[in-house]
Structure formats: C-alpha cells, structure tokens
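J.: Please work from the sequences and hints to get the whole structure.
Number of protein chains: 2
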Amino acid sequence: MNLHSQRLKKLQSTLKQPVLLASLEAFSPNLYYYSGVQETPAVALITKNHAFLYSWHEAEGFENYSLKGFRKNFFELLEKQKINKLSIDEKSDAVRFVFKLLAKKIKLSPASEGLSAPREIKSGHEISLMKKAQDLTKKIVAECSKSGTENSFAGLMEFKARKTGFALNAFPPIVAVNENAAIPHHSPTNKKINSRDLLLVDCGLTNEKYCADYTTTFYEGKNKVWKDACVAVSEALKASAKKVRPGVKGKVLTNASLKVLSEYGFKQNTFKDIGLSLGHQLGLEVHEGSKPFDELTLKKGMAITIEPGLYFKKEFGVRFEDVFFVK
Amino acid sequence: MNLHSQRLKKLQSTLKQPVLLASLEAFSPNLYYYSGVQETPAVALITKNHAFLYSWHEAEGFENYSLKGFRKNFFELLEKQKINKLSIDEKSDAVRFVFKLLAKKIKLSPASEGLSAPREIKSGHEISLMKKAQDLTKKIVAECSKSGTENSFAGLMEFKARKTGFALNAFPPIVAVNENAAIPHHSPTNKKINSRDLLLVDCGLTNEKYCADYTTTFYEGKNKVWKDACVAVSEALKASAKKVRPGVKGKVLTNASLKVLSEYGFKQNTFKDIGLSLGHQLGLEVHEGSKPFDELTLKKGMAITIEPGLYFKKEFGVRFEDVFFVK
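From first to last, the protein sequence lines are chains A and B. Counting in my numbering, the first sequence runs without a single skipped number right up to 327 at its last residue. Counting in my numbering, the second sequence runs without a single skipped number right up to 1327 at its last residue.
You can trust all of the hints, since none of them are fake.
If you anchor each label on the Cβ, the simulated ranges turn out as follows: (1) A:Lys251 / B:Glu1143: 49 to 57 Å; (2) A:Ala26 / B:Ala1142: 25 to 33 Å; (3) B:Phe1070 / A:Asn190: 27 to 35 Å.
Hints were generated in silico from the structure; no laboratory data involved. All of these numbers come straight from a predicted model, not from anything done at the bench. By construction, the Cβ of each residue, glycine as well, lies at the ideal position given by its N, Cα and C atoms.
T.: As structure tokens, then:
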C-alpha cells in the first residue's frame, strides 16, 4: 500500500458522508494527497467503502474509470450509489459541480477543512522536501543580480529553478521595483530595474509538489528611509520567529512583529493596516489551512511562513519572509 | 470611462440579480474583464445600481473598499443591501463562499455562463493581442533545440518568453518525451531529451492576460510509426481548420479530423478515444466557454484551438495545435 492509499484508507475509516474532489484545470492538493494523481482533469468520489477515480492515471485503492463519457457516467454513478448527501472539497474544482448537484436535490456540505486537516502536520519526509525547496529558492534569488526588468528577473529565476531540476511554480513569482513593491501580490512588468532601486522578490519553487515561499527586499544602502524600513521589518521577522513553538497562537507572533515595527517608528503602513496576515501555513498549497493566522494555535509538525512588511502606497514596500517548522 | 467600466455598465443594465465574483488566490478572468483588477485577493459584488470592490487596487465604476476587515464587512454589506438572492461566478474563487452563503439562507444560482458570454466574441484589439501571443509562442518553441531535460527545456522557454517581455503562463508548459507524450497534461520531469526522441511541446504565453496555446511534436524522421502519426495528425488539423466559419458546429470540425486520422489507418487511440475534445475556445482563459466543443456553434469573432492527437499509452503521443479566429 503506498503512502497515498494509506491516507485514503484512514480518511475512509472516519468518513461520515461521501466526498467529491476534482482537479479539472487546477492542481488539487487534496486529490493529490489521497490519490497521488497530479494531472488534470481528475475527479474522485470517496465513500466509506468505495473510492472512484476518473482520470488519465490510475491510483491504488481506487476503482479507476476512463474520462471518456465522464459527464454522463459520473451522474449515473451517483444515482447507482444512492448518494443524496455529499461533501464537496470546496477549495478544489469540485465546486464547479455545485449547481448541477443542487439541481438534483443532493444535500451539500463543505469538506475542505476535514480533508486538509491531516495535511497540517507534516511528516519528517514532508519537512525535508520543504526545507530543500526553501533552501534552493533562496540560493536562486541570491544568484540573480539587480538588472534587466521585473519580468526578465523573474524569467532568470524560473530558468535557474528548472536547471536545478525543479520549477518556480509554488505561485506566480513577484518581482517589484520601488512603488510596485507596495502592491503585495504584484505581477512582474517590463519596468526596468536600476541598481539604485529598491527591489522586492517573493517566490518559491516546489519539490514533489511541496511549496517554498521566500521574500527578500534589496535596497540601496544610502537611502535612509528604505534602510530603516528594511532593518525594522527584518528585526520584526526575527522577533516573531523566536516565539514559534507548540501551543502559541498566531496572534502572539503578529503582535511581536507589530511591536518591533512600532519601536522603529512604523506605527502605520504595516502589513496589518492593509489587511495582510503575518503569515500562513504551507505545504502542498502555498496557503494552507482554513483558520486565519491570528487564530491558529501552533502544533508540532506545522509549517508556517512569517512575513511582516511595510507598505507605502505609490512609494515603496518592504517584506521579508521565511518558512518555519514548529518543533 | 475605460473599457472595463463600459463592460461593467453593460452588464449592470441586463443584471437580474446581484452577482459575486472573487479572485482570492487564482486570477479571475471575469473579475478582470469587468474591473481591470488582476491582483489577488479581490472580491466584487455587482448589483443593478451598485458595484462594490474589495481589493488593493481601485477600479472605475466601483465603490472601492479596503481589504482590511473584509470578512466582517462583506457580510454586513450583503445584509445592508438586503441581498437574499445571489448569482455566483462559480468558475471564480467566489465558490469558496458557497457554504457560508447557504448558511445565511441566501438563494444561490450560477453566473459564470452569463458573465463569460460577452467574452466569447473578441474585438479586433483582443484578436491582435492573441495573434501576437501565438506568434511569439511559436517563435520561442522554434528557438529551443532538442536537448537537456523536459524540465530544463520548459525553463528555457520560460526564460525566452520573459526576455521578450511576456510570460509563458497561459498554463503550465507541457514538455513530454516519448511515452510521456501519451499523457495529455503531462508535467515536465527531469527525463533527458535525446536527439532521437519524440518530443511533444504544448505551451502558451499571455499578452495582457490573453492566452496563446500552441502544440507541436518533434520526431526523428527515421521512425516510421512516429512519422506516420505526425503526418496524420498534422493533416487532420489542416482538414478541420478548413471548416472554420460562422455557423459551423464544433462536431463538424471533430469529424473532419477523425476522418483523416482514420484514412491514415488510425481508427483507434485518437483524442476522442481518451475523452479529449478536438479543441476549445480561448481568450482570457486558456479554456473558455461553457459548452462542450462539439456542441459549440462558431460565431464571427470567436477564437478557438484545434488540436487533434493520437495517444498510445506507455508508448508515445502526437498532438498538433494552433489557434483560429472565426471570420
């Protein structure tokens, strides 16, 4: 029995009602976690005693079906299995079936939280995959020199990641110069990077689908405002990181960062002021878990990011981010 | 009034009930089409007389709100607006709110089809963006030589795309050697590409968010089976392309390809046999439109792909694909 089918068995043993997961265009981390299938499209229906998979791939523990005639066959399967209650992985493409299922009077409930909960606690193997991903991401960023455009800088990182046998695809890489760095999820443009510019880079590669997430800000030493902001954010990150241990609430980490930023004179324009969290869980998804970061209670085996920042709209932004494992 | 707010006004004039669109982690093409906002997260609620946007960006025609306190403020807004019926863009991240909204006894209905319909007919400007994207994609693929690994080949293409000022991000690029080419949505691995291998490449860059989608198969001239398959699929593509005009059903194009494949002796292992369509619409999404390709009636201004293929599981696959505009 492989790792995925062990997880499937465990899931089935606690399953209260059938659950639907789908990966039509986007990769579904839950579907992958329980089946090992990464390619799209794939649809899985899991009941206490059966597990059905429509995919181009076959998965252990599943009854494997062809994708040919899926639309018809899938709804016939639901009828044949007499399913009138269904949990939906609402963070997967399965949500696309919501209205078709409601029309068939099937009672729906959310499944993502339950499906994702086992993923919160990482095994030693998962942690080692993530550590490698994070280390390689840092190495790639460090190897790039401040030149070209936001876009070509991103391309160089993507190329370097692929050359090492991985891909920089945990999320679309952010490369942001000066005022663009004040936009938290900025997409690279063809804006030129000059050597005296402030440059924010946020990216991550994946290692066997496990994500890295790393942010750094390069600044010109002579610009005092930028320097002060970078020192403050970097110290805030360290202060929060020191608090990481089982039982601690995310809120405690957030407050530690805010305290440092405030001590450095940055009482406004913080990550909090623009509606950002200090961090998030990560793993197969770059944003994992269903709880807001502040309400999260850290547990041994969790992987979190800490990413305080300062955002001065239309001027500049600073963010530093790293991944931490709760031990 | 910019292009996006013109579209918004037009949408509002025909709106029967309030509609919810969201771009939490993934880019939402509908949200972008009507607001111009590309960055995540962003949530829009559009009624006949109001349009509300929660985002880091502001959009013309919208009442713009901060993302700070979004969770609370958004549900308060729904109450204040006395909204008890809501259409949801079920192909956007708005579906994540389904269960919260059902719990509040709000009556839900699907909105994606109506929101996407205006996008099916492309303007001259949209077509020129897509043509440029497609031409550049072909140029980039042609510039890469058969070497390295599937992964490094993908990286080289990504790098070249960024260097020209674009990104190869219409979808994750497919680079597949020999038996991997039989998996339609194969993810690049570290498998080596030898000069005598069959190599399938499927990728597309985006130009102002408009997608290209191009597939080609390189084969070694001396392998007769591969050569026959490549000639057959390439001729099938041409036969279907000849049928493209307004009023024609997708099914007619599909049959034209299947007829050619059959004449070349490939009666099985066709795209149809593994549940694939001959093609799809594209634009802001690489897969647009809600109708299956065979049931689609072509209209002037539509952009479609045609991509016949042959898939010999665990042996090899062949696919050629190009984009066509209905004139």
